[in-house]
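Peer 1: Below, each chain spelled out in residue letters.
Protein chains: 4
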Amino acid sequence: MSIRVGIAGVSGYGGGELLRLCAGHPAFEVVYATGETTAGQKLVERFPGISPKLAELVIRKWDPPSLPKLDLLFASLPTGQSKAALASVPAGVKIVDVGGDHRYVDGWTYGLADVWPEKIRAAGRVANPGCYPSAALLAIAPIVAGGLADIRQIIIDAKSGISGAGRGDGDSKLGFAEVNEDVSAYGLPKHPHVPEMTATVVQLARKSETKIIFAPHLIPMTRGILATCYLAGKATTAQCLESARKFYADRPFVRVVDQPPHSKWATGSNLVFVSYALAGENVIVALGAIDNLGKGAAGQAVQNANLMFGLAETSGLEGVPLWP
Amino acid sequence: MSIRVGIAGVSGYGGGELLRLCAGHPAFEVVYATGETTAGQKLVERFPGISPKLAELVIRKWDPPSLPKLDLLFASLPTGQSKAALASVPAGVKIVDVGGDHRYVDGWTYGLADVWPEKIRAAGRVANPGCYPSAALLAIAPIVAGGLADIRQIIIDAKSGISGAGRGDGDSKLGFAEVNEDVSAYGLPKHPHVPEMTATVVQLARKSETKIIFAPHLIPMTRGILATCYLAGKATTAQCLESARKFYADRPFVRVVDQPPHSKWATGSNLVFVSYALAGENVIVALGAIDNLGKGAAGQAVQNANLMFGLAETSGLEGVPLWP
Amino acid sequence: MSIRVGIAGVSGYGGGELLRLCAGHPAFEVVYATGETTAGQKLVERFPGISPKLAELVIRKWDPPSLPKLDLLFASLPTGQSKAALASVPAGVKIVDVGGDHRYVDGWTYGLADVWPEKIRAAGRVANPGCYPSAALLAIAPIVAGGLADIRQIIIDAKSGISGAGRGDGDSKLGFAEVNEDVSAYGLPKHPHVPEMTATVVQLARKSETKIIFAPHLIPMTRGILATCYLAGKATTAQCLESARKFYADRPFVRVVDQPPHSKWATGSNLVFVSYALAGENVIVALGAIDNLGKGAAGQAVQNANLMFGLAETSGLEGVPLWP
Amino acid sequence: MSIRVGIAGVSGYGGGELLRLCAGHPAFEVVYATGETTAGQKLVERFPGISPKLAELVIRKWDPPSLPKLDLLFASLPTGQSKAALASVPAGVKIVDVGGDHRYVDGWTYGLADVWPEKIRAAGRVANPGCYPSAALLAIAPIVAGGLADIRQIIIDAKSGISGAGRGDGDSKLGFAEVNEDVSAYGLPKHPHVPEMTATVVQLARKSETKIIFAPHLIPMTRGILATCYLAGKATTAQCLESARKFYADRPFVRVVDQPPHSKWATGSNLVFVSYALAGENVIVALGAIDNLGKGAAGQAVQNANLMFGLAETSGLEGVPLWP
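Chains as they are written, first to last, in this note's numbering: chain A, 565 to 888; chain B, 565 to 888; chain C, 565 to 888; chain D, 565 to 888.
Calculated directly from the structure, the hints in this document are not laboratory data.
Remember, it's a predicted structure, so these values are computed and weren't measured experimentally.
Warning: the hint list may mix true and false statements.
Remember, identical chains collapse to one label, so a pair may be satisfied in a single copy or spanning two.
Simulated pairs of lysine-lysine, DSS-like, Cα-Cα distance not exceeding 25 Å [claimed, not checked]: (1) Lys775 x Lys798; (2) Lys771 x Lys810; (3) Lys625 x Lys606; (4) Lys647 x Lys683; (5) Lys798 x Lys754.
Take these sequences, add in the hints, and give me the full structure.
Peer 2: Written out as structure tokens, the structure is:
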């Protein structure tokens, strides 16, 4: 079986990672790719190491009426642009939107693939979780769902590599000379990723009262996110770990580990590493580490597509992380 | 006036920064330097860019009986080694211990120079604060002292450059290839910096019940710490900023800023940048950014020494941070 | 077909990359792995993201008498240790030695796979080229073989990421704090990689008089090598490119490109990018960019093994490079 | 004495370093600063750690007619813009142009301060050398001037941190995510720094026939340049070192060292480290390491100004390099 795949927004970092994963996917055939600033180039001009079979494909401007016959569309467009862009895509084309426009709106399924794969198998329209929510929610889901913590207030302090901020054309604030040797917080108090985290916690906990305090930080690395989450609760570390191991039993991309995970353990993969520590008597520290372009974007998008098409969930995603 | 200075532990990162600052200090003359692994070398062999006047000074093994006549000793020895080492130093030699052995013990003054300079002016033995506590305490001090927060629980999520972990001979876990492109938490739940933070908060708040939840993280940069502190409280951002500006009025090294500070703003200096944001209705986020080797170690040590000797507090510390 | 594979020296950086590639290879089954400092650990303890099927394999001490039945052994031992270690491996086990002991000695085949695949197909013992020679030789081979340059003197100025220097236990000179924000030359005038480059140039040029001036440099990145090679010659850039395109026609891992290649284009892959520029009237600048752990070590080793076993040359090596 | 100083182009990286050095200079008073994109801001908005005495100075648009009374102007404008801009500056204002427009043209003095301080003492208009030429020329000057090498062809392979490419607004190619973990050559075959290197070599060697082959590279660090220069010659390493020590006797910013220098040794300073190695029998490798914003730009500019005003040459430049 060959599934005809399109990638909208291939020239961004998320789009490039989608291309890389699709190029190695046994059932996907990329037949269409769009990019605003790169339209007219061949894929090989933008991705010099791309597979020969994809090298000559020409990047186009996004133009729904001229869409070729597709089975699957990955959309990696800037948040705010995908809602209108995707409205006219035929219903027969399954879509995974890596951008933020369709999370918890309009009947799209929120694609938290490691938590509710069954929902996604039935879906034709999936909104991929944000990169930060992927790291944080996968760490806290077992605690929240298991009732091990008081969810009225959850503090999430997250650290992300720079690729999470996008290519940032025109902004020297993402330039190497300024970002290197620097750490800073941003996006306080209202980052756009808060609503999807809140909605997910509410669903998992089956309680409506929750408040997420979210402080994202940029740190000088290209890829990777570590979410450090603080929840009120008296469960021991062992109880948290056991709870997580049960919650994620047989889930192929989640690794529950005994020590604090390193973001680098996930580089280039769709894995998430979660762990727990008790700090003081009544604070649970939940840690989630991912590659922001893997589990935090393209990896989870491919996992969602695998579920939507009834493929093996790990298809095209078996690659071992790069180390060091 | 020339103050005769010794530096014990000159070949570590903190010791090297002490040497750099002392070399540029108008009243200090470095006459003695020790290093376990570098004894026998001239300073210029270890620090190729050192000032010519110091280049030929030979590094010695630490040996109290052979101590030359000194007015001031900076000790930058591994925690656990300075207590015994400094016991036999004559009372007439003023000491700033950059290591951890004398914080809140034995009558040594805790050298949080930007908060209680008067205590330090009177002291002959000063324990320099740890690097993490310097960043965190300076951010939360105005809030805690001003009664703007409930201090029963304070969460401190701190991100440090790798030099804070020391030279780490023998440990590839601090090697470039493994640390680069990586972030991880460590030291949970009981990092040795917790007691001095707890003791200081208790003093500032004049309350005894407090619990510090402290999660330090290593991030891939050489210098810099950002402490992100979460306190329960309903003060607005404006109230926090105003409170901090009053608290630090005329303190020369503290910059209260309106936006989240970048650690890079402090590189190479003794400055600390603090700011505040309200997250949700009842969580104050206090941010403190420093150079871990500046305000977090050598810079504050020189500031303490300036106070102890009645010099201008900024003497030798006027250097503008390196940017970019 | 399943080829039973052993990896000696799995806990080093080269060994880890071998493990990663073997884990994704359709014909290889890793049944044996050794490591001096990690013996007794399961692979998953050292490589937290390793495939589940390999996770429980226990790392052993290298001990030839207790070698299990193997078809193929990859040796990634420190240079100087593999000669003795591999002497007692049964002749029926094919070996690729990633270390330096067997290059151009004792009848081993020098595994410059992109240049002379036929030699390697017939070999049972292959010495993998060094990382620097892989980058430099693949850039200059078409020029040298095509007689486009005077080979009496070739200057090779190479820049390598830190993983090329190994894990460096015990040496703070490879520590993040000291390597970051630094570049330096080393190994002048006689780096151990010079003889294999000289021998290969002599073979390719069918002339005996050549002198390689080789200056390696360490730069602050984890992976990647760029070799900038200066040869006397009057060929135009277009002639050099054309010559290289002919020389490497149908070779699957070599990309001849029109612009100066970036080392990052190859990250995580077995690709090599080569290009040429004329500087002045009579100096050809040949550029070769690789991942030092890919084409410079494990990637080329797997390519060699594919050739030795008559597999598709690209088997297990189709992964698109990681970007960014 | 207080010298009234203006800085044109203060918001670039070179301009920022000029500001930092002037802020710490005992004889300079910055009274004027311009920036195209930052006009209207106070200096403290752009440089949060700037000295309080300069914090409130407002950045202006460059506008010669409204120039205040100045004794000295540092111009750090983009190459191509300073020629016209500086034409109308009154003759009584001494100028150091850090940009490229006035090198070896129109009677401006080429400010290679460590080589010909006397020429500069007499000058009112000084063109600061480029960053790459500063590193390379200071390494090869003793060899070239001493007749130790055949200068008909000199190969210069230089590695620079990213700040050397400027702030790069609008160009994701200087973004952290793309520059990190990457090395590449650029600017072949005709970089604009070649003519000033050629002209200087001709002067030093008192010969007219020379050809500079120059290959600059960008490497992932913020500051620093290492120039690796290859010259034909039979002098021994010892002869080269001795020649350099004589050539630079009493020059305060040049350090002739026995081992290959690290760029990091110079960070934040006006120092240059030079060393030599013989590679093969007849190739001299000359190495020069600097901070591209120090000796390669602002540091040498201040040194030139010190000479022009008859100040101590090291005034304001005594700072020891930052390490690590």
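Peer 1: Next, verify each hint and record whether it holds.
Peer 2: Checked hints:
1. For a Cα distance limit of 25 Å, the shortest separation of Lys775 from Lys798 qualifies both inside one copy, at 19 Å, and across copies, at 15 Å.
2. With identical chains, the CA atoms of Lys771 and Lys810 are at most 25 Å apart within one copy only, with a shortest distance of 21 Å there and 42 Å across copies.
3. Proximity of Lys625 to Lys606 under the C-alpha cut-off of 25 Å is restricted to the intra-copy arrangement: shortest distance 13 Å within a copy versus 42 Å between copies.
4. Taking CA atoms no more than 25 Å apart as the test, Lys647 paired with Lys683 passes inside one copy only; the shortest distance there is 21 Å, against 57 Å between copies.
5. In the homo-oligomer, the alpha carbons of Lys798 and Lys754 lie at most 25 Å apart only across protomers (17 Å), although the nearest pairing inside one protomer, at 29 Å, exceeds that limit.
Going through the hint list in order, the structure satisfies each hint without exception.
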